[in-house]
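Engineer: One letter stands for each residue in the lines below.
There are 2 protein chains.
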Amino acid sequence: MSHPERLALGVDLGGSKVLAGVVDSRGKMLSRDYSATLAHHGPAAVVRVLTEAMRRAIAGASIEISQIEAIGIAAAGISDPRTGILHSSPHLPKWKDVPLRDIIERELGVRTVLGNDANAAALGEFCFGAGRGARNLIFITLSTGIGGGIIIDGKLYAGASGAAGEVGHMTIDVNGPRCECGNTGCWEALASGTALAREARKSIREGATTAILEQAGGDIEQVTAQTVHAAALAGDAVARELIGRTAYYAGVGFANLINLFNPELVIVGGGLSNLGDMLLVPAIKVAGERAFQAAFKAARFVPAQLGDTSGVVGAAALALGGGSSPLEGGRTG
Amino acid sequence: MSHPERLALGVDLGGSKVLAGVVDSRGKMLSRDYSATLAHHGPAAVVRVLTEAMRRAIAGASIEISQIEAIGIAAAGISDPRTGILHSSPHLPKWKDVPLRDIIERELGVRTVLGNDANAAALGEFCFGAGRGARNLIFITLSTGIGGGIIIDGKLYAGASGAAGEVGHMTIDVNGPRCECGNTGCWEALASGTALAREARKSIREGATTAILEQAGGDIEQVTAQTVHAAALAGDAVARELIGRTAYYAGVGFANLINLFNPELVIVGGGLSNLGDMLLVPAIKVAGERAFQAAFKAARFVPAQLGDTSGVVGAAALALGGGSSPLEGGRTG
Chain X
471 MSHPERLALG VDLGGSKVLA GVVDSRGKML SRDYSATLAH HGPAAVVRVL
521 TEAMRRAIAG ASIEISQIEA IGIAAAGISD PRTGILHSSP HLPKWKDVPL
571 RDIIERELGV RTVLGNDANA AALGEFCFGA GRGARNLIFI TLSTGIGGGI
621 IIDGKLYAGA SGAAGEVGHM TIDVNGPRCE CGNTGCWEAL ASGTALAREA
671 RKSIREGATT AILEQAGGDI EQVTAQTVHA AALAGDAVAR ELIGRTAYYA
721 GVGFANLINL FNPELVIVGG GLSNLGDMLL VPAIKVAGER AFQAAFKAAR
771 FVPAQLGDTS GVVGAAALAL GGGSSPLEGG RTG
Chain Y
471 MSHPERLALG VDLGGSKVLA GVVDSRGKML SRDYSATLAH HGPAAVVRVL
521 TEAMRRAIAG ASIEISQIEA IGIAAAGISD PRTGILHSSP HLPKWKDVPL
571 RDIIERELGV RTVLGNDANA AALGEFCFGA GRGARNLIFI TLSTGIGGGI
621 IIDGKLYAGA SGAAGEVGHM TIDVNGPRCE CGNTGCWEAL ASGTALAREA
671 RKSIREGATT AILEQAGGDI EQVTAQTVHA AALAGDAVAR ELIGRTAYYA
721 GVGFANLINL FNPELVIVGG GLSNLGDMLL VPAIKVAGER AFQAAFKAAR
771 FVPAQLGDTS GVVGAAALAL GGGSSPLEGG RTG
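Protein chains in written order, with the working numbering: chain X, 471 to 803; chain Y, 471 to 803.
Treat the hints as calculated values from the structure; they're not laboratory data. Computed from a predicted model, the values in this text were never measured in an experiment. Honestly, I wouldn't trust all of these hints.
The list treats identical chains as interchangeable, and a pair is accepted whether it falls inside one copy or across any two copies.
[Unchecked claim] Mimicking DSBU-like on lysine-lysine, the simulated pairs with C-alpha atoms at most 30 Å apart in a straight line are:
hint, residue 1, residue 2
1, K767, K625
2, K755, K487
3, K564, K755
4, K767, K564
5, K755, K566
6, K498, K487
7, K767, K672
8, K498, K564
Whole structure, please, built from the sequences with the hints as guidance.
Structural biologist: Written out as structure tokens, the structure is:
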């Protein structure tokens, strides 16, 4: 049996918003607090946002801070769970080697762990969501970028320095477009929402006959994956072709991950995965055509279940279970 | 302390040759027996070759078969360690779903395990070679093809159905050449010895001024990675350019693996890795330019130590330790 009294404070530190919540060892959120990150104000301001959000989350759960066993912080960017340092983040422009774990431990007086946001989300889905009961799985979030997390043998695999699972930055087209990471032809540069919007703007600029621009209110800078999707749903051929191309690249990446990891489960989340039949179905078909059949057949594709709370509950699980599930009784397999 | 009396019979079943040997739990080979696979004679003949090789290896170690605790077979191709079935192999043309583990168990009366050859080699290097003491590593063999094996948390990672670690079949150039696996732009299709030879033949056919053909005795069909290397050593510019291109692709694949696995160690073996300064050094440089710095800096590149015996001792380790090291006393970390 689990101990419902084991409580953690989970925090998801994103570029635009912070979500904090008190989470029990079954993944139940006893409170949730959303606030703006204020990323452009720099680290000190963000730390203040974080600590205030955490205090409100504790108050919202009607508990004392002493009842919190540990704090887990899931942050976008490059961090090292061993040192607790957030080295850099694309969404936190002024951050450079900030010892975030130690700062929060000092501020709150509670043991704190720091992890990557996509890794935490993978752990959240594994412990409390679509991955319950699995042993080996890949979690992928198709969003403005592509992130991921790897569960191996029932544990989060963070790698030698906490940087494992950067699935969005495997090159699938060495001659492809430049990625924000500096590399070329990354999966993220070809199959993310940002890539879809970029290609849509390119088509519009090249004079394609499409309703995408109209969906974006006539402003090409407002073209997003969502406006392309809306146009596609309304029957726009160019939009459908663009989404089909994105799906193809998504499938190429899926096939790579299947050939490398031979997972039993591939959990797909993120805003782009909501394009469903138009994107995921053809992407999985492409993966089936490209991956080894023995490995492809062993993999089940399932949607993520926890939505935008996967990072918070995953951060809490990281705090309570250190990369394994905090649920007692163990898992079979 | 280890038990030197724990003995396994390791077998490496390749397309052209079979290597069998009695191996103790410290990885010491007490005997070794090489024979021709006779792949073109079909499964029954190969099974006969295997059993005869095993009996000779036992005799060569001056022991009784009853002293063998288990047999490990490392086979090229797609196999499932749970069922012991060798589904298919590029080098064993007439094989289809052969229950090799059960056949050998019946023939020899000794518990048998079946694994993938590159996975076994990874385990061999981890237990007894370049990977001793590491917890997380990638083993890569750059040869006529590209194979690999993954050690995670001190254990061979075989995936959901034993098919993990097919590093040679991650797509790095989606518009690249067709691979033997049916896919396009696989790492193996761009950075293997076969790829290097193919590009050399292409250059020759297109009229390039090069000494490669001369190195191959004037017969274009005899052009191999070795003849290209020989020409490059003699100062041939085309050969150097071809190897440089192969190194570039090798580095792209290294970067992908570093971004995905964040390993502490990358062990590189296989004939192509002997091109050393001409291939590995520039390849690692490319990886450093493309991978995340935090992950790249955490990874040490080292040459494989066991040569062509890694598969045999790895198969023996698989038989004795089931994916972990059979050495007692555990590892730190």
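Engineer: Are the hints correct? Go through all of them and say.
Structural biologist: Do the hints match the structure? See the list:
| no. | hint | in the structure |
| --- | --- | --- |
| 1 | K767 / K625 | both (23 Å within a copy, 24 Å between copies) |
| 2 | K755 / K487 | neither (35 Å within a copy, 38 Å between copies) |
| 3 | K564 / K755 | between (42 Å within a copy, 29 Å between copies) |
| 4 | K767 / K564 | between (45 Å within a copy, 23 Å between copies) |
| 5 | K755 / K566 | between (41 Å within a copy, 25 Å between copies) |
| 6 | K498 / K487 | within (21 Å within a copy, 58 Å between copies) |
| 7 | K767 / K672 | neither (37 Å within a copy, 37 Å between copies) |
| 8 | K498 / K564 | neither (34 Å within a copy, 55 Å between copies) |
Of the numbered hints stated above, those contradicted by the structure are hints 2, 7 and 8, listed in ascending order.
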